[in-house]
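Keeping the supplied structure of chain H fixed, place chain L upon it in accordance with the hints.
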Amino acid sequence: AQKVTQAQTEISVVEKEDVTLDCVYETRDTTYYLFWYKQPPSGELVFLIRRNSFDEQNEISGRYSWNFQKSTSSFNFTITASQVVDSAVYFCALRGVGNEKLTFGTGTRLTIIP
Amino acid sequence: GAVVSQHPSRVICKSGTSVKIECRSLDFQATTMFWYRQFPKKSLMLMATSNEGSKATYEQGVEKDKFLINHASLTLSTLTVTSAHPEDSSFYICSAQRGYEQYFGPGTRLTVT
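Protein chains in written order, with this note's numbering: chain H, 1 to 114; chain L, 1 to 113.
Read the hints as simulated data drawn from the structure, not as lab findings. The C-beta atom is built at its ideal place from N, Cα and C for all residues, glycine as well. One or more hints might be untrue.
[Stated by the list, open to error] Computed beta-carbon distance windows for the label pairs:
#1 H:S74 with L:T17: 43 to 51 Å
#2 L:M45 with H:D29: 20 to 28 Å
#3 L:E101 with H:R109: 23 to 31 Å
#4 L:T113 with H:D29: 40 to 48 Å
Bound-form chain H, shown alone (with noise of 0.2 Å):
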């Protein structure tokens, strides 16, 4: 069974501070997609990147930042200099090869104070 934990129910913090949004997974897979989607206040998911699980490489997309570590089966996502338009309902989700199910954590609701 796979399985996606966001601890983090909620976070706030001020604008231009970083902040990492936490996300461990499990899965029997050895084979296996890691997903990030951000749902603003519209409800619209917005998809933010796709990690194979072969590739261990940390991803930098402008202010977005991901660390896969999968000998912690982690995939912790971090936005620096955070803005008010990151405020959002965060969702890190998990396909297994083979399956095309995705399997959603509970996701995070970050605020961004001004």
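Chain L only, in chain H's frame:
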């Protein structure tokens, strides 16, 4: 590319009536689409997997006679909530599979009065 639309975005219906929600992949063909339900401040719960030309596969605990899914073409899947009740009020989100990715629609907020 990879745009998925949903219609309607919001719907209010009376208890006992049925409501249909459409999910369309606008610029790609999707043999597989998914329907999710999201309660307020909760995660997405997969309801069913919709495959073009075949019956949908429902997740455990989801009533297939209550939530009818039809994947009539490679760009359209519909979810019909039959004999809706207030407890069916929720945010329904569809997604369409393309390659390794699922592309999500903007969601439909259903309110049953």
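Here is how each hint holds up against the structure:
no., hint, verdict
1, H:S74 with L:T17: 43 to 51 Å, "46 Å, holds"
2, L:M45 with H:D29: 20 to 28 Å, "21 Å, holds"
3, L:E101 with H:R109: 23 to 31 Å, "24 Å, holds"
4, L:T113 with H:D29: 40 to 48 Å, "44 Å, holds"
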